[in-house]
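Q: The primary structure of each chain is shown beneath.
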Amino acid sequence: MSGERVSLTIDGRAVQVPPGTLVLDAARQAGVEIPVFCSHDQLDPVAVCRICLVEVEGSRKLVPACSERVREGMVVRTDTPQVAEARKSVLEFLLINHPLDCPVCDKGGECDLQDLTYQYGPALSRLADAKMRKPKAVDLGPFIVLDEERCILCRRCTRFDHQVAQERTLVVGQRAHEALITTAEGVPYASVFSGNTIELCPVGALTSKFYRFRARPWDLVRVDEICHGCPVGCHIQLHFRANVEGARLERVVSRPFEPIDDGWLCDRGRFNYGFVQSPERIAQPLVRPLGAPRGTLVPTSWEEAFRRVVGRLQEVLATQGPQGVGFIGGGRLTNEEAYLLQRLARQVVGTENVDHRVAGEAAASLDVAPGRITDLDRAAVILVVGAHPGQSAPVVDLRIRRAAARQGALLLTLGPVDPELRVPHQFLPAAPGHLADRLEALAQSLAGGGEGVPPRVAQELHEREGLLVALWDGREAAAGRALAAFLQTWQAQGREARLLVVGDQANSRGAEAAGLRPDLLPGYRLAADPEARRQAGLAPEPAAPGLSTQAMLEHAVAGRLGFLYLVGANLVETFPDRALATAALESEAFVVVQDLFLTETARLADVVLPAAPFTARAGHLTNLEGRVQATGPRSTDPAAGLPVEAWTDGQIFEHLGEALQGRPLVAGAGELATALAAAGLGSGTFAGALPVALLHEASDGSPTPSGSGEGLVAAPLPTIHGGGGTSRFDRAYGERRPLAAVVYLNPEDAQRWGVVPGDRVGLEAGDGVVEAEVQVTRRVMAGVLGVPRGVPGLAWNRLTGAGRVRVRGRLLEEVG
Amino acid sequence: MMEKQAVSWVVERHEEIEALINRYPERRSAVLPLLHLAQEARGYLATEDVEAVAELVGMTPSEVTGIVSFYSLLHRQPRGRYTLTLCQNLPCVLAGAEALAQHLRQRLGIAPGETTPDGLLTLEETHECLAACDGAPVVQVNLEYATHMTPEKVDRLLEALRAASQEAAAPDGEEDDAGGL
Ligand code: SF4
Ligand code: SF4
Ligand code: FES
Ligand code: FES
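Line order of the protein sequences matches chains A and B. Each number in my numbering corresponds to the 1-based position in the first sequence with 246 added. Each number in my numbering corresponds to the 1-based position in the second sequence with 8 added.
You may find that some hints are simply not true.
Stated by the list, open to error - Simulated DEER-style distance windows between Cβ atoms:
| hint | chain 1 | residue 1 | chain 2 | residue 2 | range |
| --- | --- | --- | --- | --- | --- |
| 1 | B | Asp142 | A | Gly1004 | 55 to 63 Å |
| 2 | B | Thr134 | A | Ala260 | 48 to 56 Å |
| 3 | B | Gly121 | A | Gly1000 | 45 to 53 Å |
| 4 | B | Leu98 | A | Leu370 | 23 to 31 Å |
| 5 | B | Thr155 | A | Thr255 | 57 to 65 Å |
| 6 | A | Arg421 | B | Asp142 | 42 to 50 Å |
Hints listed in this document are in silico derivations from the structure and should not be mistaken for laboratory results. Being a predicted model, the structure only gives us computed values, none of them experimental. Virtual Cβ for every residue (Gly too), placed ideally from N, Cα, C.
Start from the sequences, fold in the hints, and give me the full structure.
A: Written out as structure tokens, the structure reads:
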């Protein structure tokens, strides 16, 4: 198959292409350009716009190059008068009712209709009658405004929604000259992938609410970047507009990279950028005045802030030793910054208390059957364990949808709450804390046994040949071990298996690989291994074994950890036990918080250091498949007009290192790059993965509610538009995607607790009462309460901390 | 989600619906017959009808909306008991359809697309040929043709329609709600 070639000529140039190639692509290969509107590499051809008409010898009519497949000996011409006339006519038709408002159109300057009319179209219109008028600002969804007059009905947007997103919300309505892009009545186009249609639209019909009327394409400065929204690591481009105050970030667009994103972005990655220039960013260092209660913070200078941090750190070292100091750095750090932070902790301070896990996850990778995102394309079976890919790895979810809907992959989901996948799949309910049991049963069913596995699933798993790709959310250590065993059983049967772990934050995997875990040095070398320690320049024996995030918090509460340093970690919001996180922050420990915003956590700190956003730094991120990708280069924080004095996280670490030990933390950029390469984090390579043996219960921060009795077990759900940091401080974005305090119940439980959908209820847990609205859905298994994470006003981690949750009836005062 | 209250025609005409769906190898092929059935039941297609049809054939409400809006014989607004569709294509216009349009609007006191306050008549004008040019000018009454129309014939037609509706309403003296208004 691969060797087969079809020969044809296009404008007299001979080309050889694989059978089935479109004439359009063959022409591209021959260096002949054919104009298109409706055609797009990632969408099935429809041939509705006719701008690509070409002459094919032997064919009576012109044929669309975008849907015609090559044939042996085919003779194609694109340079004849007929073709030129056809292009001109198509453009004249498209322009009949077109408003020609290029001067005020966002797309002007990067519009296919403008460009092709200039190149091939008639100079003047022959239309004598008035143009048809249509609505020019239709509110299509949270982020998109439709100008019906500009739409040329190429159907790229609707095809994307049907073929790629598999959602079928956006359709063509009406007929002929009245045809328009629309949705069902009362249904907004609220897909989490909606923004892609803006880029797909060849004209200015679909415009971004954030970018509308903000810039002209030729004024934009473009910077290549990696999205920091989640661990998928999509390739993006940042568009800045310079003005007297500096550069303003005006929009984020895709930078197609097929191995990861196929050119698609989710709406979080595309629209959640306003935080970079939010006036709510912390403008200068803050300190809690001596003797003032927690929550009191006053501005200070960097010198004073550093003096306090260093002074207190030295005091604690003198009284409690290095074990009294802990560093917790969220996964928003680059690989380099994560490395520097653990080096600051281990080499300079001498403590092993470092961790990146701020949300109760056990691992960000696992060294069984390491997979790549593209493995999903050839999967025969996809098994989603605990993860909600549509929320926490959205662009990967597009591949899952495609594999299931268009390639016939068997899609299984396992966990307490069935993720919203938009495509047919089989849900295998498994209670929180018991995912391992289900996975063990599944493994046994491969060998013919296995109780509790639906016979149809067991049979399918038995029969399916080929690749199985598992996605795991990295929670519940036991589930990780059981999943590893399941994958090994699958492999033992001569079938291929791959695993992707969806980390909690954009660079969880990089932080893990860089050694931001108490039990691991950079490069997945054991912190307890004397040889590895010697090579890292550490004492052969740690003074004390390192503490995990949870243990550090417990030690702070117990008065044994007097200094806690948090970087980009809003623990009050993200840690599964809010009571513990809050108690630790309110303890006697000296708390330093390094962040962009005054988060719930930062408010309780002793010193707050303002960190610069990702746009201000260069480095590398490691995505969920382990791919090490460069971000940057860049040197400025585009805080146009903001009186912000922020340092990048890395600069702060280096400054602290130098202040503490009197010499730089690393000798220079060269040494840093070497250290990272030695840790398996060389630019452009793939990182290693966590040994299964390191999946300890102790590192598993998600407590399993004990005791039976009445009550529901809370299962936290990731939310794409929610979060502990950037999204909650991005006003414009938050307004477009308001997050309701909603919890999810199974119909049986709703009946048992006497609630109906829409009720506001009080949820009683060990730690007080949380109010929320109830939604009833079969996606949640019986006995479980689905609680979204990262929703302002819904303290999900009060419910997951301890014990079972009781639904304390309807709050009747809400009814009136 | 909690099970929604089923739309009445879905329950009442369950067997007919099943038969329609089973007529085709794919469920979605039954979308048009089902829309006609739903429209027959209510007189027009309410949002819940669109949703119900979507659910029956495994499409999204958006997809069904797209189909409904494509066909001029499917209506999303309540209609009068009778819809008068006046052809305004060239042959009919040459035979006097424009004057007829004027007359009808005045007589009924409504514009095209509107329904008389008593819910009896909806006026439509179409620029697509009704495919009965030999009888130009043509008025379509629901699905039937009235040909070679003149203002006088239109008046008689209107009277006949009014009389027919009163008769239909008379026997049990109930309000005539066929128009759905
Ligand atoms: S809105 Fe844009 S992408 Fe959609 S059909 Fe119209 S021109 Fe094409
Ligand atoms: S999927 Fe993740 S990396 Fe990709 S655009 Fe969305 S948030 Fe960014
Ligand atoms: S690009 Fe070929 S018909 Fe539109
Ligand atoms: S023009 Fe009126 S029926 Fe043909």
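Q: Next, verify each hint and record whether it holds.
A: Here is what the structure says about each hint:
1. Remark: the range hint 55 to 63 Å for Asp142 (chain B) to Gly1004 (chain A) is upheld by a beta-carbon distance near 59 Å.
2. At roughly 54 Å, the beta-carbon separation of Thr134 (chain B) and Ala260 (chain A) lies within the given 48 to 56 Å, and the hint holds.
3. Distance hint check for Gly121 (chain B) and Gly1000 (chain A): the Cβ-Cβ separation is about 48 Å, which falls inside the suggested range of 45 to 53 Å.
4. Taken as a hint, the range 23 to 31 Å holds for the pair Leu98 (chain B) and Leu370 (chain A), whose Cβ atoms sit roughly 29 Å apart.
5. Distance hint check: the CB atoms of Thr155 (chain B) and Thr255 (chain A) are about 59 Å apart, consistent with the given range 57 to 65 Å.
6. Roughly 26 Å separates the CB atoms of Arg421 (chain A) and Asp142 (chain B), a value that falls outside the hinted 42 to 50 Å.
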